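Q: Sequences listed follow chains E and Y, in order.
Residue -7 is where the first sequence starts when you use the working numbering, and the numbers rise one by one after that.
Residue -18 is where the second sequence starts when you use the working numbering, and the numbers rise one by one after that.
Think of the hints as simulated: they come from the structure by calculation, not from any bench.
Just to be clear, a hint being listed does not mean it is correct.
[What the hints assert, rightly or not] Okay, the calculated bits of chain Y under chain E, using three or more residues with CB under 8 Å as the criterion:
1. 124 to 135
2. 175 to 181
3. 213 to 222
[Stated by the list, open to error] In silico negatives: residues of chain Y with every beta carbon more than 12 Å from chain E:
4. -14
5. -6
6. 15
7. 18
8. 20
9. 26
10. 28
11. 52
12. 57
13. 84
14. 91
15. 99
16. 138
17. 184
18. 231
Note that the structure is predicted; figures quoted are calculated from it, not measured.
We put the CB at the ideal spot given by N, CA and C, even for glycine.
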Amino acid sequence: MTRKSTQPAPEAVNGSQVRITVHHVTRVEGHGNIVVDVRNGTLERCELEIIETPRFFEAMLRGRPYTQASHITSRICGICACGHATASLRATERALSVQLSDQTVLLRRLVMHGEMLDSHILHVYMLVAPDFLGVGSVIPLATSHPDIVKRALRMKQFAGELCAAFAGRHTHPIAMTVGGFTHFPSRQQVEALRERAEALRADVDATVELFATLPYPQFERETEFVALVQPDDYGFIDGMIGSTDHPPRPVDEYRQVTNERLAVHSTAKHTAHQRESYMVGALARFNLKHMHLHPRAQAAAAHLGLSAPCFKPYYNSVAQVVEIVHCVEDVVRLLDTALERGIVPEDPAPVTLRPGARGVGAVDVPRGVLFHEYQIGEDGLIQEANCVIPTGQNLGNIDRDMRALVPTLLSEPEDVIRHRLEMLVRAYDPCISCSTHFLNVEFVGK
Amino acid sequence: MLAKPKIAFFDFTSCEGCQLTVIDALQTHLGLLDLVEIVQFREAMSEKGDDYQIAFIEGSCTRESDEQRLRAIRQQAMIVVALGACAHLGGVNAMKNRWPIEDVQTYVYGQAGRNLYESYPARPISEVIEVDYAIPGCPIDREEFVRIVQRLLQGRKPKLPDYPLCVECKLAENACLNKLGKPCLGPITRAGCHAICPSHGDGCEGCRGFISEANFTYMREILRGHGLSDVEIDAQFTMFNYYQLAAMGADAPLSQINGNGHRRHAADAEVLPASTFAAPKEA
């Protein structure tokens, strides 16, 4: 699958012949190439190639004890390790009829909020912001805008410590296990986190201010949005599969939404539901359940110029900023609840093994909805496994966005087209080690 | 060592969690950026330089095209460091080596996709190029990374402990999980992570690799004592160390997984003891 950069230097640009290839798109998680081929003014080819090496996690799970599944699958991705672990645990728990305690549900939510913050902060500050601040990466940013980098690191550190307090570590979580947790923080630790979460508001406000000043490309294309929905909550774990085109479905019917298929140019499978493609992630969640955001997050959205329905893919980063605001507020609320109830060490809830038990786990991780499905035998060994990853679900939509975008850019210099496409792909925050991996832009014939 | 060495990060088959851990290390050690010049780090930056002295490599080698990239890196770098379990041991990627590659390809991509994407059994990078040092773990330990970089900058050889995790677990004053009836590979696993998993109530899974004097027989007995079946014990041993154990061939302490043609990929490879590579080159 590796495409060699053997293309000759592009010829003079006249808008009718454009060949662009971007190999190994940077500042994304994983490996991908963007390929654009315009001949005689016609867009012949425009796609995101996924060249990450295939990893075969689903195959590897076969024959392994169910107790190992969440620790193995968290290794699918260093960024959404807690999300994979949670989806894996929910699949196992639903297969083995495990009833979680209220405390476990609460602590899992806190871990997912921590991961959402960690991932979004990394993405908007370190991967997206350099595009707008005229630097190649966060490294020169540390010299040109030290306050911004220090703020990002400070916020990220809090997010990591939130995950660590409950899960032991963000990459890769340790204490989350089937039916509950194997470790519980002290009251003092939780109180200290609560204090720090509240103190983080100044940094959150500064984040909103910074991102309100950036000039996002206004490209827009109507599409379907898919996210997990819950009554009266902007939640990330469990719920129904919501869509802007279709009534909500139970998570057990996820295959009717994802309809995975192979794409030759991608080691990650593509998906389609009501249209040729759909979008998952922060913008999809915002479009489907913005009414459940914390009032401060709603105010931030208004300030950032984000309102539902928003069909501008570059605004996915803006929706991530809005979710940062929401998560910090919700963390304060959830920690208050934890302190009110007190965190009591408890044994994991029991499992019920039976022949051929199947279960689906669904979690809206930073990049969108993630599904794990397992079949577990009476001996506790996994018989079948299937994982559908958010970035895989977005790939078809990215291709279609690029095809709609490129014709509007043909009068621009190649560098501008290339940069705009890279930014588009980056806005989706693709996580290619998950979906398998990501990015390069290949312009094949300008 | 050079005054301000140029360093580069590379990733092969992995979750990139070790590179994220490097980024996280900057939260507490931002000063590192003054001591080195990072010329390549695809996950974090667009700038790209091919002039570097130290290469940190994350991920396993899982396809032929990886070998060329690895050799090119080796040719350029004065020092090559394996970053994390995938590069160091083969890690979780090698669990797939239990089956013929066609089987795992068909399982994930279907009949139509079985030959679509290049892949072969996963290997540690030391099977392809000479590796100077390893920073073990899944993921790496942030402090150990900083410590090893410090030593490299001082022109000293990084050292890894070759004693079991139990030593650190005792120092942390943890109750022994094996005594509490929870499976833990601490007695045979290389220390250096401050027993982070047992300290959070979860048994060690061996991500740092085994110590040179690992007593697999007694470890198996302990695990049997917890009521684990042979299949479950093999699964414990092989989450991160499938490659090492399969390479031991008939000597591997496995009851089920071994002995079924699950040898290392390279036909000519000699059998290494599990810990040869991980040991520091010089004290």
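Q: All hints, please: hold or fail.
A: Now for the hints, and whether the structure bears them out:
1. 124 to 135: violated (count 0)
2. 175 to 181: holds (count 4)
3. 213 to 222: holds (count 3)
4. -14: 15 Å, holds
5. -6: Given a closest Cβ separation of 5 Å, the condition is violated.
6. 15: 10 Å, violated
7. 18: 9 Å, violated
8. 20: Its Cβ does come within 12 Å of chain E, the nearest being 10 Å, so this is violated.
9. 26: At roughly 3 Å from the nearest Cβ of chain E, residue 26 of chain Y sits no farther out than 12 Å, so the non-interface label is violated.
10. 28: Label violated. Min Cβ-Cβ 4 Å, cutoff 12 Å.
11. 52: 15 Å, holds
12. 57: 17 Å, holds
13. 84: Given that some Cβ of chain E is not farther than 12 Å from that of residue 84 of chain Y, nearest at about 7 Å, it is violated.
14. 91: 7 Å, violated
15. 99: 6 Å, violated
16. 138: Since the minimum Cβ distance to chain E is about 28 Å, residue 138 of chain Y lies beyond 12 Å and the statement holds.
17. 184: Residue 184 of chain Y not clear of chain E: closest Cβ-Cβ about 9 Å, inside 12 Å.
18. 231: 21 Å, holds
Consistency with the previously given hints fails for numbers 1, 5, 6, 7, 8, 9, 10, 13, 14, 15, 17, ordered from lowest to highest.
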